[in-house]
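J.: Single-letter residue listing:
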Amino acid sequence: TQLLEQSPQFLSIQEGENLTVYCNSSSVFSSLQWYRQEPGEGPVLLVTVVTGGEVKKLKRLTFQFGDARKDSSLHITAAQPGDTGLYLCAVRNNAGNMLTFGGGTRLMVKP
Amino acid sequence: DAGVIQSPRHEVTEMGQEVTLRCKPISGHNSLFWYRQTMMRGLELLIYFNNNVPIDDSGMPEDRFSAKMPNASFSTLKIQPSEPRDSAVYFCASRSSDGEQYFGPGTRLTVT
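Protein chains in written order, with our numbering: chain P, 1 to 111; chain V, 1 to 112.
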């Protein structure tokens, strides 16, 4: 069993639709990060959430950290083809120096 | 800033051959990470260096894999001998002492 379970694994939608992807765990974390990885590139950090219940917005992307700090969601409004990519959640170890990644959600937004 | 530089970007080799992947971290970053990404296992940490010293290599799959960081601006990941199951994308990332990890573009390795 992975530390972080992401769902769905794959998502294919039309441009303009809304979507939500999830990152779940049975463990409690001091913080959680979301990355986006485009084809042929490495992951790029989008956001770090720290406080239980916290909501952060990045243009059309809304990130929420669960109240119990065990899970997180990413909501995209009016998806664009440029949103296509692999969305990864990650958490630091207790020492804060290493990351563990979830399996990712592979999103395709069709024009 | 040039970002993390990895070479080669693509490598195709035959089973049994030695493979060396290279990484130049961002200048001033004192931590360096090697990851492997496959469809089956996702993104996995192989080894982590801090100030050129290996701190945690628990993710290195077996003795065929080795990594070095001879100085602050260069690291290598070597596989000898390579096997088809080593086919994956290998990423290098670097981080400053109080910052976030920045990933390179990866090396796509195919072992036939």
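Hints may contain errors.
[To be verified] Simulated pairs of lysine-lysine, DSBU-like, Cα-Cα distance not exceeding 35 Å:
hint	chain 1	residue 1	chain 2	residue 2
1	V	Lys68	V	Lys78
2	P	Lys70	P	Lys57
3	V	Lys24	P	Lys57
4	V	Lys78	P	Lys56
[What the hints assert, rightly or not] Simulated restraints, written as ranges between beta carbons of each label pair:
hint	chain 1	residue 1	chain 2	residue 2	range
5	V	Met15	P	Ser27	21 to 29 Å
6	P	Leu3	V	Pro61	14 to 22 Å
7	P	Leu45	V	Arg108	40 to 48 Å
8	P	Glu15	V	Lys68	41 to 49 Å
9	V	Gln80	P	Asn97	22 to 30 Å
10	V	Pro54	P	Thr62	21 to 29 Å
11	V	Ser7	P	Glu15	33 to 41 Å
12	V	Glu100	P	Gln2	20 to 28 Å
Note that these hints are calculated values from the structure, not bench results. Glycine included, every Cβ here is placed at the ideal spot set by N, Cα and C.
J.: Which numbered hints turn out to be false for this structure?
T.: Violated: hints 4, 5, 7 and 10.
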